[in-house]
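Novice: For the protein sequence lines, the chains are A and B, in the order given.
Residue numbers for the first sequence follow my numbering, beginning at 1 and rising by one.
Residue numbers for the second sequence follow my numbering, beginning at 1001 and rising by one.
Keep in mind that the hints are not guaranteed to be accurate.
[What the hints assert, rightly or not] Pair by pair, the computed Cβ-Cβ distance ranges are: (1) E14/A <-> T1054/B: 44 to 50 angstroms; (2) P7/A <-> Q1022/B: 19 to 25 angstroms; (3) S1018/B <-> N65/A: 42 to 48 angstroms; (4) G1003/B <-> I112/A: 29 to 35 angstroms; (5) K68/A <-> M1041/B: 22 to 28 angstroms; (6) E40/A <-> S1018/B: 25 to 31 angstroms; (7) R13/A <-> Q1022/B: 38 to 44 angstroms.
[Stated by the list, open to error] List time: in silico DSS-like cross-link candidates among lysine-lysine, alpha-carbon distance up to 27 angstroms: (8) K1009/B <-> K37/A; (9) K37/A <-> K59/A; (10) K67/A <-> K26/A; (11) K50/A <-> K67/A; (12) K26/A <-> K1057/B; (13) K68/A <-> K26/A.
[Stated by the list, open to error] Residues from chain B shown here face chain A by an in silico Cβ test under 8 angstroms; the list is partial: (14) F1010; (15) M1041; (16) V1060; (17) G1100; (18) F1104.
Treat the hints as calculated values from the structure; they're not laboratory data.
Where a beta carbon is used, it is the ideal one built from N, C-alpha and C, also for glycine.
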Amino acid sequence: QQPVQSPQAVILREGEDAVINCSSSKALYSVHWYRQKHGEAPVFLMILLKGGEQKGHEKISASFNEKKQQSSLYLTASQLSYSGTYFCGTETGNQTGANNLFFGTGTRLTVIP
Amino acid sequence: NAGVTQTPKFQVLKTGQSMTLQCAQDMNHNSMYWYRQDPGMGLRLIYYSASEGTTDKGEVPNGYNVSRLNKREFSLRLESAAPSQTSVYFCASAYWGPGGGYTFGSGTRLTVV
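Please construct the entire structure, taking both the sequences and the accompanying hints into account.
Specialist: Here it is as structure tokens:
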């Protein structure tokens, strides 16, 4: 049930944009996005519920296409502080909290000056 | 507000030794989780507790046991440590409401020699 993330790694210059994708073979109820900096714990960014919702967090936004069981994370005008590994976590089932999250293997994002 | 507190932060065990990883949260969350993180594998669920008094197996439960001591505390026990259990362990708790997501502890880096 582990979702598939792409790309595995990306290098950006400050100010550039990036898209990280997450797809599942299972019907999804929600998708979470987390960012983890080296040696630290993952930090929650946002949750998207089924319904094609799009949300934003600073200059980071995400979309969720429930028909395709896919979510994308958009990072615009990247900053050095955006560097880290991004994980999507997917929840299957029909009710938030009734099922657990399965995490992708992560996308390592490096922003350089 | 401490969030999720894990102890210890580092531990080295010899094969066959036992130990308990402690986790406590002060956010009044119902659900608590134990994950392990290995390079290239993402986060994999070991055990979870949807609410006080209940525990269930996750993806990789073999070699582990858990105890949900009360609403705040959720411990993970390794009865007979093996080198394959060398990993970083994260405890998390969750608020399953609007905008909710996982809050992770700072992690325990365990090495089994």
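Novice: Hint by hint, say whether it matches the structure.
Specialist: Results of checking the hints against the structure:
no. : hint                                   : result
1   : E14/A <-> T1054/B: 44 to 50 angstroms  : 47 angstroms, holds
2   : P7/A <-> Q1022/B: 19 to 25 angstroms   : 37 angstroms, violated
3   : S1018/B <-> N65/A: 42 to 48 angstroms  : 46 angstroms, holds
4   : G1003/B <-> I112/A: 29 to 35 angstroms : 31 angstroms, holds
5   : K68/A <-> M1041/B: 22 to 28 angstroms  : 25 angstroms, holds
6   : E40/A <-> S1018/B: 25 to 31 angstroms  : 28 angstroms, holds
7   : R13/A <-> Q1022/B: 38 to 44 angstroms  : 43 angstroms, holds
8   : K1009/B <-> K37/A                      : 17 angstroms, holds
9   : K37/A <-> K59/A                        : 18 angstroms, holds
10  : K67/A <-> K26/A                        : 10 angstroms, holds
11  : K50/A <-> K67/A                        : 9 angstroms, holds
12  : K26/A <-> K1057/B                      : 20 angstroms, holds
13  : K68/A <-> K26/A                        : 10 angstroms, holds
14  : F1010                                  : 12 angstroms, violated
15  : M1041                                  : 6 angstroms, holds
16  : V1060                                  : 12 angstroms, violated
17  : G1100                                  : 7 angstroms, holds
18  : F1104                                  : 4 angstroms, holds
Violation of the numbered hints given earlier is confined to hints 2, 14, 16; the remaining hints are satisfied by the structure.
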